[in-house]
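A.B. asks: Okay, here's what each chain looks like letter by letter:
Protein chains: 2
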Amino acid sequence: MDAMTSEGIFRNGIDLQRLAGILELIQADPERARFRFRARNRWVGGGENRSTVFDFDGLGDTRIVRHKPFEFTNAEPPALFGHDESASALEFLLHALAGSITTTLVLRAATLGIAIESLFTEVEGEIDVRGMLGVEDAPPSGYEHIRVVIDMHADCDDADVAAMIEFARVHAPVCGALMRAVPIQIERAGAPDAA
Amino acid sequence: MDAMTSEGIFRNGIDLQRLAGILELIQADPERARFRFRARNRWVGGGENRSTVFDFDGLGDTRIVRHKPFEFTNAEPPALFGHDESASALEFLLHALAGSITTTLVLRAATLGIAIESLFTEVEGEIDVRGMLGVEDAPPSGYEHIRVVIDMHADCDDADVAAMIEFARVHAPVCGALMRAVPIQIERAGAPDAA
Chain R
972 MDAMTSEGIF RNGIDLQRLA GILELIQADP ERARFRFRAR NRWVGGGENR STVFDFDGLG
1032 DTRIVRHKPF EFTNAEPPAL FGHDESASAL EFLLHALAGS ITTTLVLRAA TLGIAIESLF
1092 TEVEGEIDVR GMLGVEDAPP SGYEHIRVVI DMHADCDDAD VAAMIEFARV HAPVCGALMR
1152 AVPIQIERAG APDAA
Chain B
972 MDAMTSEGIF RNGIDLQRLA GILELIQADP ERARFRFRAR NRWVGGGENR STVFDFDGLG
1032 DTRIVRHKPF EFTNAEPPAL FGHDESASAL EFLLHALAGS ITTTLVLRAA TLGIAIESLF
1092 TEVEGEIDVR GMLGVEDAPP SGYEHIRVVI DMHADCDDAD VAAMIEFARV HAPVCGALMR
1152 AVPIQIERAG APDAA
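Same order as they appear, the protein sequences are chains R and B. If you use the numbering used here, the first sequence corresponds to residues 972 to 1166, in order. If you use the numbering used here, the second sequence corresponds to residues 972 to 1166, in order.
Careful, some of the hints might be misleading.
[Said to hold, decoys possible] Derived list of chain R stretches under chain B, where covered just means 3 residues or more per stretch with a C-beta under 8 Å from a C-beta of chain B:
(1) 1061–1068
(2) 1098–1106
(3) 1118–1128
(4) 1144–1154
Read the hints as simulated data drawn from the structure, not as lab findings. Just so you know, even glycine gets a beta-carbon here, dropped at the ideal spot from N, CA and C.
Work out the full structure, taking the sequences as your base and the hints as a guide.
C.D. replies: Right, dumping it as structure tokens:
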């Protein structure tokens, strides 16, 4: 379960010493827990656009950069108006939700000393696309309902698994962002008071 | 602006005849506007997990499949507890938001007969990571605030751009999903009543 290497003690692949170090930093100054993430997106054409994810602020540092920029393409299927160059934004949202729940479960298990054997998550969201397509009097756009099915095996009993899943429901940040309303401020470049 | 090819009339890269056909299908039966998107995620190890996006339901069809499955990896930076194999779930959420706003703007402009020259979007979200890390009495997890800056140039006046951005704020589906609370149902595989 725990693996000891020259670099430290790992549980579920999480470096427990590094995690403890991060928690110490944050306890000394809770402002260090504030992270600011970014994506920069460019329209390519039609239903295709591409984001670059490169830098973020966190742990009291600004503009922490990656070894390289990550690029991701949003696109639309032919059933809407695209050419299937990639998944759609609505599917990337589900990918983010599944990943956030998974990582929160893995971290929680590592903290509790529980080894995860396997963890699969299926996410399904229902939406009415009329608003996006510009149909008059359409219902508000956005998922009406999202269902998450978690298949988790770990060296603990069922009640522990249920408790970890409840922890993830409350604390997985993408889950929280979707369950609660996030204020979104939209501005035009060069016109900070507009829109 | 409009490009006429052997396949149809395109505006902003959107096939207007195909779009009209989709709208006709939906007007004949609004149930066809209901789409169901999916992602299937597998934990790889540590902060790394991978989603497959392949099929969806929509336009009255079930299990529409892509020519190939799309795969995306969530990971964490070393400043948290990972190895930067990819962007984090919180960054994929911003990628999805930027893409949804962009595609909604492109569609809206195509419908209005406006040609977009360029469209860039920067998205930044602020979050306190204590909840996810398991710190006691942490504030609820999730973005506290998201800022979107849109740099759009099109063959119309400023008021038209502002009106299209307002349309996207209301109708971009990922924007709607974040601005309104989405009910999320979490189940365990093989135990539909649990969690």
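A.B. asks: Please check whether the stretch 1118–1128 of chain R has three or more residues whose CB lies within less than 8 Å of a CB on chain B.
C.D. replies: That given contact holds, which follows from 6 residues of the stretch 1118–1128 of chain R lying within Cβ reach (below 8 Å) of chain B.
A.B. asks: Please count how many residues of the stretch 1061–1068 of chain R have a CB within 8 Å of a CB from chain B and say whether that reaches 3.
C.D. replies: With 8 residues closer than 8 Å to chain B, the stretch 1061–1068 of chain R meets the three-residue bar; holds.
A.B. asks: Can you take a look at whether the stretch 1098–1106 of chain R is actually covered by chain B? Rule is 3+ residues, C-beta closer than 8 Å.
C.D. replies: Three-residue rule met by the stretch 1098–1106 of chain R, so holds; n is 9.
A.B. asks: Three residues or more, CB to CB closer than 8 Å: is that satisfied between the stretch 1144–1154 of chain R and chain B?
C.D. replies: Satisfied; 11 residues make the cut.
In terms of the numbered hints stated before, the structure departs from none.
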